[in-house]
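Protein chains: 2
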Amino acid sequence: MAIIESVPNFSEGRRADVIQALVDAIQAPGVLLLDVSSDADHNRTVITVAGEPDAVLEGLFRVTALAAQTINLFEHRGEHPRIGATDVIPLVPVSGITLDECVTLAHALGRRIGAELGLPVYLYAAAAARPERKRLPDIRRGEFEGLLTSIHLPERAPDYGPAQIGPAGAVVVGARPFLIAYNIFLDTPNVEVAKAIAKQIRESSGGLPAVQAKGFLVEGQAQVSMNLLDTGLTPLHVVFDEVVRLAHQQGVGVTHSELIGLAPEQVMLAAAAHYLKLRGFRSTDTVEGAIQQAALRHKRLPPT
Amino acid sequence: MAIIESVPNFSEGRRADVIQALVDAIQAPGVLLLDVSSDADHNRTVITVAGEPDAVLEGLFRVTALAAQTINLFEHRGEHPRIGATDVIPLVPVSGITLDECVTLAHALGRRIGAELGLPVYLYAAAAARPERKRLPDIRRGEFEGLLTSIHLPERAPDYGPAQIGPAGAVVVGARPFLIAYNIFLDTPNVEVAKAIAKQIRESSGGLPAVQAKGFLVEGQAQVSMNLLDTGLTPLHVVFDEVVRLAHQQGVGVTHSELIGLAPEQVMLAAAAHYLKLRGFRSTDTVEGAIQQAALRHKRLPPT
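Chains A and B supply the protein sequences, listed in that same order.
If you want the numbering used here, it's the 1-based position in the first sequence plus 77.
If you want the numbering used here, it's the 1-based position in the second sequence plus 77.
Please keep in mind that the hints were generated in silico from the structure rather than gathered at the bench.
Among these hints, one or two may not hold up.
Unchecked claim - Going by beta-carbon spacing under 7 angstroms, a handful of chain B positions derived as facing chain A:
hint	residue
1	LEU111
2	ASN120
3	ARG212
4	PHE317
5	ALA349
To be verified - Far from chain A, by Cβ distances over 12 angstroms, these chain B residues were calculated:
hint	residue
6	ILE80
7	ILE228
8	GLU232
9	SER281
Please read all numbers here as calculations on a predicted model, not as lab measurements.
For glycine and all other residues, C-beta sits at the position ideal for the given N, C-alpha and C.
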């Protein structure tokens with residue numbers, strides 16, 4: 078069974094009735110609601126859902142239709158950059174599906190939103206149709222107000238839907254790997270140690286691929302706070318081991334770590350296999366994995 | 078969703094048509110076949126199935142009925158001790174269900190086999206109704222032939238079903254924790270090191286609870302070969318760390334480890350959390366775990 082996650086962002090974080098209606102709308106049959114986070118200052122709501130691809134895409138289409146009816150960007154004020162009522166829809170592979178397949182799904186969803194809702198759609202991240210649209214900030218440049226006066230320009234032509242913009246603004250649809258927010262705590266109150274380690278491991282200063290990192294002081298303890306943007310490139314256990322190694326170089330230990338939110342099971346199983354030096358371990362070597370595989374085969378086995 | 082595993086043993090390992098019929102019979106709707114292993118010398122077949130409790134119990138009842146019709150213990154010869162056509166049925170909790178709940182299921186299955194199939198049933202392991210019936214070898218003492226002449230004695234009275242025995246013999250039903258077969262390989266050709274470590278860690282010589290261990294030489298490499306009988310008592314990662322520690326004491330390293338068969342996901346997630354020093358990690362912190370929990374909630378609660 079393929080499972081995808083999606084974390085659509087909506088430009089409404091204040092009106093409880095509208096937020097509730099969005100939460101209701103996204104839950105098409107088979108769509109499971111994992112989280113709802115609203116922020117009044119940002120005037121923005123982030124909903125996390127998961128399920129089989131068809132179900133999730135249907136839920137996303139329905140909620141996008143509703144957001145277009147109930148959120149008016151001409152009246153929207155908030156700190157967070159945005160260009161649409163449904164501002165951005167990332168599709169994220171969880172299990173049994175590849176990032177490339179999520180790119181195909183992003184195109185299908187974008188095409189449908191463009192055609193049936195008449196909204197301009199931009200594709201981003203792994204689904205980007207133009208290199209200059211890979212990064213979300215580049216697409217959001219000028220925000221809704223800027224797009225009003227520039228959507229007619231060739232460089233701002235939408236990937237799907239009309240080159241016209243109304244109160245619902247535009248929708249950015251894309252595909253990206255699962256993002257893990259992960260913190261590691263050091264046994265020192267010296268935040269400079271965490272900042273130095275963060276600088277050593279983050280990709281932007283020559284560290285590990287697909288790792289963002291900063292150092293913080295949290296309740297008197299130095300913390301390396303990270304986003305792991307692609308654990309296919311840099312697994313979580315590689316990040317942990319590297320932070321432990323760099324900390325030891327400074328005579329500092331690691332007390333514990335924490336996930337902010339969720340991690341795909343596969344990431345945890347890979348960590349277990351790594352530390353246990355398990356040779357040839359596959360996710361189907363768990364009882365649950367074997368059951369899933371047997372259910373997929375849906376056939377009877379001859380005796381061996 | 079609760080999942081149990083069962084690994085029933087049948088006193089037939091030679092007639093392919095009978096084995097196939099057993100494999101077919103056990104697959105009631107919702108029962109997933111994970112493995113079939115037949116041994117001609119033992120004249121015995123072990124089938125591994127899993128699924129939701131009701132489905133698995135129905136499959137076990139059906140296969141027990143068929144085995145009673147097709148296997149005749151008066152004609153059965155084989156090396157392995159046995160007292161019945163369906164010789165033993167362990168029920169094993171995998172996820173979402175406790176060992177105690179599996180004890181209740183074992184009683185229900187034993188009662189049904191006794192009442193509807195007219196077979197004598199003995200309860201063993203965690204489901205044992207008498208302390209002297211905890212261990213399988215104690216129940217199998219004298220095998221089928223011995224039971225023929227002793228079933229009328231009070232100490233051999235079955236827990237369910239009649240105190241009468243026919244060609245199908247008796248059935249032993251019980252509940253036990255998941256058993257993991259696990260091997261750790263040392264970077265030495267000296268089997269004595271593996272034997273010494275095995276002696277130090279096995280429960281029978283004062284080592285870790287619920288751990289059986291022996292030392293072997295496998296393709297020139299010393300191997301500590303183990304059965305982990307209850308990873309609730311002694312987690313797999315505790316066993317790994319202890320073998321690494323004891324090996325290092327002898328100046329020996331660990332090259333790798335391997336699972337023989339399957340391990341419950343929970344065991345692997347616990348290992349990952351241990352090595353990553355993840356504070357407060359629960360199985361619902363994986364995307365898949367959260368989806369399962371949301372699916373359970375979805376049946377009861379309105380959207381939040």
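(request) Compute the least Cβ-Cβ separation between ILE80(B) and chain A, then decide whether it is above 12 angstroms. (result) Violated, since 7 angstroms does not exceed 12 angstroms.
(message) Next item in the hint list is ARG212(B). Is there a CB on chain A closer than 7 angstroms to its CB?
(response) 25 angstroms, violated
(request) Would you settle whether the hint for ALA349(B) is holds or violated, based on the nearest Cβ-Cβ distance to chain A being less than 7 angstroms? (result) With a minimum Cβ separation of about 4 angstroms from chain A (threshold 7 angstroms), the hint on ALA349(B) holds.
(request) Classify the label on ILE228(B) as holds or violated, using whether its beta-carbon is more than 12 angstroms from each beta-carbon of chain A. (result) 32 angstroms, holds
(message) Take the shortest C-beta to C-beta distance between LEU111(B) and chain A; is it under 7 angstroms?
(response) 5 angstroms, holds
(request) Say whether it holds or is violated: GLU232(B) keeps its Cβ farther than 12 angstroms from all Cβ of chain A. (result) 37 angstroms, holds
(message) So, as I understand it, the hint says ASN120(B) touches chain A; can you test that by seeing if any CB pair is closer than 7 angstroms?
(response) At about 14 angstroms, which exceeds the 7 angstroms cut-off, the nearest Cβ of chain A leaves the hint on ASN120(B) violated.
(message) Quick check on the hint: PHE317(B) CB to chain A CB, less than 7 angstroms?
(response) Holds: closest Cβ of chain A sits about 5 angstroms from PHE317(B), inside 7 angstroms.
(message) Please check whether the beta-carbon of SER281(B) is more than 12 angstroms away from every beta-carbon in chain A.
(response) Label holds. Min Cβ-Cβ 24 angstroms, cutoff 12 angstroms.
In summary, the numbered hints that this structure violates are 2, 3 and 6.
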